[in-house]
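Undergrad: The residues making up each chain are set out below.
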Amino acid sequence: VPEPSIDSLAREIFSDEIADLFAASSGKDGDDVPLPIPSDNHCDATAAQLVLGKLYAQAANCQSPVAASAPEHELLQSPKSLSLDRNAPLPMSAEPNFPERMAAAAEKAVDQTFARKNHYNPLSHNTAPDQEMALVTQYLELQQGKTTAMDPSAMDLPVRVQRNLKVAIETVEVYLQHESGQHEPMPFIPATRRLIEYEYQYETTRYELQIKLNKACLDRSSSDGSQASQDSMSDDQILNSMVYSLQTHFDALLAQLPPNAATQLISHGSLDEYQVKPSAKTFWPITEAMRQNYGLLYMFWNGETKRFELDIFLAPFESKRGRCTKVVQILHQQAQLHQVIVTVLQQNGWLRYYQGFNDVCTVFLLTLRPEDLQSACENAALLYFRDFMHHDFAPVHTFLECAYTLIEHDDQVLHARITHVALPPYFATSWLLTWFSHSLNDLTAISRLFDFFLSSNPLMPVYFVAALILSVREDLLAMEPEFTLFHGYLRDVPSRLTLDKVNHLISEASRLWQSYDLHRIFPNTFNHQ
Amino acid sequence: MASYAYLFKYIIIGDTGVGKSCLLLQFTDNRFQPTHDLTIGVEFGARIVTVGNKRIKLQIWDTAGQESFRSITRSYYRGAAGALLVYDITRRDTFDHLATWLEDARKYSNPNITIMLIGNKCDLAAKREVSREEGEAFAQENGLFFIETSAKTAANVEEAFVNTAQDIYDKIQTGVLDVTNESCGVKTGPTQSGLASLPSAATESNRGCC
Numbered sequence: 001v002p003e004p005s006i007d008s009l010a011r012e013i014f015s016d017e018i019a020d021l022f023a024a025s026s027g028k029d030g031d032d033v034p035l036p037i038p039s040d041n042h043c044d045a046t047a048a049q050l051v052l053g054k055l056y057a058q059a060a061n062c063q064s065p066v067a068a069s070a071p072e073h074e075l076l077q078s079p080k081s082l083s084l085d086r087n088a089p090l091p092m093s094a095e096p097n098f099p100e101r102m103a104a105a106a107e108k109a110v111d112q113t114f115a116r117k118n119h120y121n122p123l124s125h126n127t128a129p130d131q132e133m134a135l136v137t138q139y140l141e142l143q144q145g146k147t148t149a150m151d152p153s154a155m156d157l158p159v160r161v162q163r164n165l166k167v168a169i170e171t172v173e174v175y176l177q178h179e180s181g182q183h184e185p186m187p188f189i190p191a192t193r194r195l196i197e198y199e200y201q202y203e204t205t206r207y208e209l210q211i212k213l214n215k216a217c218l219d220r221s222s223s224d225g226s227q228a229s230q231d232s233m234s235d236d237q238i239l240n241s242m243v244y245s246l247q248t249h250f251d252a253l254l255a256q257l258p259p260n261a262a263t264q265l266i267s268h269g270s271l272d273e274y275q276v277k278p279s280a281k282t283f284w285p286i287t288e289a290m291r292q293n294y295g296l297l298y299m300f301w302n303g304e305t306k307r308f309e310l311d312i313f314l315a316p317f318e319s320k321r322g323r324c325t326k327v328v329q330i331l332h333q334q335a336q337l338h339q340v341i342v343t344v345l346q347q348n349g350w351l352r353y354y355q356g357f358n359d360v361c362t363v364f365l366l367t368l369r370p371e372d373l374q375s376a377c378e379n380a381a382l383l384y385f386r387d388f389m390h391h392d393f394a395p396v397h398t399f400l401e402c403a404y405t406l407i408e409h410d411d412q413v414l415h416a417r418i419t420h421v422a423l424p425p426y427f428a429t430s431w432l433l434t435w436f437s438h439s440l441n442d443l444t445a446i447s448r449l450f451d452f453f454l455s456s457n458p459l460m461p462v463y464f465v466a467a468l469i470l471s472v473r474e475d476l477l478a479m480e481p482e483f484t485l486f487h488g489y490l491r492d493v494p495s496r497l498t499l500d501k502v503n504h505l506i507s508e509a510s511r512l513w514q515s516y517d518l519h520r521i522f523p524n525t526f527n528h529q
Numbered sequence: 001m002a003s004y005a006y007l008f009k010y011i012i013i014g015d016t017g018v019g020k021s022c023l024l025l026q027f028t029d030n031r032f033q034p035t036h037d038l039t040i041g042v043e044f045g046a047r048i049v050t051v052g053n054k055r056i057k058l059q060i061w062d063t064a065g066q067e068s069f070r071s072i073t074r075s076y077y078r079g080a081a082g083a084l085l086v087y088d089i090t091r092r093d094t095f096d097h098l099a100t101w102l103e104d105a106r107k108y109s110n111p112n113i114t115i116m117l118i119g120n121k122c123d124l125a126a127k128r129e130v131s132r133e134e135g136e137a138f139a140q141e142n143g144l145f146f147i148e149t150s151a152k153t154a155a156n157v158e159e160a161f162v163n164t165a166q167d168i169y170d171k172i173q174t175g176v177l178d179v180t181n182e183s184c185g186v187k188t189g190p191t192q193s194g195l196a197s198l199p200s201a202a203t204e205s206n207r208g209c210c
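Chains as they are written, first to last, in our numbering: chain A, 1 to 529; chain B, 1 to 210.
Quick caveat, the hints were computed from the structure, so don't treat them as lab data. Treat the hints with caution; some may be incorrect.
Simulated DEER-style distance windows between Cβ atoms [said to hold, decoys possible]:
id, chain 1, residue 1, chain 2, residue 2, range
1, A, 482, B, 153, 41 to 47 angstroms
2, A, 472, B, 53, 38 to 44 angstroms
3, A, 420, B, 78, 17 to 23 angstroms
4, B, 170, A, 343, 53 to 59 angstroms
5, A, 474, B, 53, 38 to 44 angstroms
6, B, 107, A, 387, 39 to 45 angstroms
7, B, 134, A, 501, 48 to 54 angstroms
8, A, 416, B, 124, 49 to 55 angstroms
9, A, 489, B, 78, 19 to 25 angstroms
10, A, 444, B, 124, 35 to 41 angstroms
11, B, 37, A, 501, 51 to 57 angstroms
12, B, 111, A, 343, 21 to 27 angstroms
Some residues of chain A that are not near chain B, with every Cβ distance over 10 angstroms (derived) [stated by the list, open to error]:
id, residue
13, 371
14, 478
15, 501
16, 519
Where is the CB? At the ideal position from N, CA and C, for every residue including glycine.
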């Protein structure tokens, strides 16, 4: 793994503006400057940062039941040990040896050689962690009326610390608003939501008009045109002009979308009536934007019990993504992911969280700029995953059956074998629900796949699933015809996919797409009726 | 492929995060994975155990706990001879939801299914929210077997699976279950004869799939 330059790391962590400052302050373009790697006596700083990270996570979570079910084994008994009682003393003051304890946990959790030598982690390098934390504490106290003024020395802190502070304060503010019941929804991208509403309206109107038209035709044939002269335009003309004006309005809404993430996400093909040109696209925004990342987190929303359950899962991602996992960053990202998902759900009350949507958002978290994260997740939910975000999973069954139908058209021998062993298609459930991000190991391959799906019709993942199964036909046909064997074998196929294989399968999926027209193959499934 | 006298199909059900996948992993692989990977859809594991001098292959379907997934997991009730209904003794809500799960199991599975109620995470005594007596009472009221387990320490995990197999085996012996009817979730193994004389050593692990 090549060591990333300061500049690229700075850009990874900070906004461009701050990264520029960072580069300027180092005097060069950043590449050859030795990294200010923290020495071993920075253990306290790490511990302090951990506390700060926990504060972020805690503040963003707002609710203490959050971690009621967090696993016992967790190294960091994170939000659980922190009281969210407003009047309770802040955790760091409540527990005198908290920093030491956290430092010990950090020692265990982080592979130090890896973390300190090979990867510069700005969050662990901190010239003034105590100051930083003191300021956050002070700010909280200010909000709670315990103190009356902020320390003016805040203005002298380095740029990075100020930024961290800003994030912390914003998070804390959200937390406090929640607590006092004054929470207002985060600013959002209204154009996207209107677009979706409009999509439905468009389809509904068109459908209603069609009914009207049919009815009018019937009336006319029965009454022999006695009332036809009332309008100068024919029904056909009326319909066409209405559809035209709707379409124009629709296009205008599209143009209103924010210029960065949203326009990339809503690339052609997603809404414009199943016209997709996967092979014509050469720019893959997410792959382009993909940046190295250190780790992540996992979280899920238990919709049944109406409460959050938050787990910090360090190890899966260390092994799964093969990346350095820095506890502070995990906590920070956890807070981010949590906030993103909650906001998507709050803003769109009709969407329901499902286990797997967190995987999808995690990919965006790892690949997009922070400022694009929220809109990317909401767009993805609204445009690509909403079928899975209802109360029941009927569309999942439909889509999985469609994959089988495609196999039937393309390879009757294989389809006959699958039918013979009575293999239920549910081994592919997570493939569809997470766009393979739950089972694929290589983030580059995942990003490539996401780009493909984002630039394609929402049903393209079904074609990809079919392509993937077709690609292992020889193995399947050679296997003992026992559906558990098939299930076990197919379940593990995605984990072996590399970027090359993904690219090959994308071209196969595109071939299927072109060979088997959606409307022809599924005449009764996706007719909007 | 290892030979066996009978094949029993199991399904593991219960709320999200109660430790269904961990129980299965402890049973099939004798290990505990502290970090949690969500089950999306259905997973699958198998192992051979010995009951009444017979080698019996357990084929176990591990299901997603979130409610949305129930329409998928329901299709696995059919053809299951045993169901492990799991709750977490440290989370009362997972116990409170048992009735819903049981309703599903009764509705979608075959009437002779053996259901084992499992209170998991019994190593976390300090955080216990559901007493052992409550679990026993629920099991008794509903005609279920009951056991408390810890997928972490492996306590009673073996017993949970094997006791269920024992009951299914008894049902075969007494003719309650018909091994020729696959919808009962049992069938005879590929090489049935000659295996009955195998020593009834402790259960034999058969890693991976089959």
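Undergrad: Each of the hints needs a verdict: does it hold here or not?
TA: Taking the hints in turn, this is what the structure says about them:
1. Distance hint check for residue 482 (chain A) and residue 153 (chain B): the Cβ-Cβ separation is about 34 angstroms, which falls outside the suggested range of 41 to 47 angstroms.
2. A beta carbon spacing of about 40 angstroms between residue 472 (chain A) and residue 53 (chain B) agrees with the range 38 to 44 angstroms that was offered as a hint.
3. At about 19 angstroms, the CB distance of residue 420 (chain A) to residue 78 (chain B) agrees with the hint of 17 to 23 angstroms.
4. The beta-carbon spacing between residue 170 (chain B) and residue 343 (chain A), approximately 54 angstroms, falls within the hinted interval of 53 to 59 angstroms.
5. Distance hint check for residue 474 (chain A) and residue 53 (chain B): the Cβ-Cβ separation is about 41 angstroms, which falls inside the suggested range of 38 to 44 angstroms.
6. Here the CB-CB span from residue 107 (chain B) to residue 387 (chain A) is close to 26 angstroms, at odds with the stated 39 to 45 angstroms.
7. At roughly 51 angstroms, the beta carbons of residue 134 (chain B) and residue 501 (chain A) sit within the given window of 48 to 54 angstroms.
8. One distance hint, 49 to 55 angstroms for the beta-carbon pair residue 416 (chain A) and residue 124 (chain B), holds here, with the actual separation near 50 angstroms.
9. Taken as a hint, the range 19 to 25 angstroms holds for the pair residue 489 (chain A) and residue 78 (chain B), whose Cβ atoms sit roughly 23 angstroms apart.
10. For residue 444 (chain A) paired with residue 124 (chain B), a C-beta distance near 39 angstroms keeps the hint of 35 to 41 angstroms intact.
11. For residue 37 (chain B) and residue 501 (chain A), the hinted distance range of 51 to 57 angstroms is not satisfied, since their beta carbons lie about 23 angstroms from each other.
12. The given range of 21 to 27 angstroms is broken by residue 111 (chain B) and residue 343 (chain A), whose C-beta atoms sit roughly 47 angstroms from each other.
13. No beta-carbon of chain B comes within 10 angstroms of the beta-carbon of residue 371 (chain A); the shortest separation is about 28 angstroms.
14. With a closest Cβ-Cβ approach of about 15 angstroms to chain B, residue 478 (chain A) is found to remain outside the 10 angstroms limit, as its non-interface label requires.
15. No Cβ of chain B comes within 10 angstroms of the Cβ of residue 501 (chain A); the nearest lies about 22 angstroms off, and the non-interface call holds.
16. No Cβ of chain B comes within 10 angstroms of the Cβ of residue 519 (chain A); the nearest lies about 26 angstroms off, and the non-interface call holds.
Checked against the numbered hints above, the structure breaks hints 1, 6, 11 and 12 and satisfies the rest.
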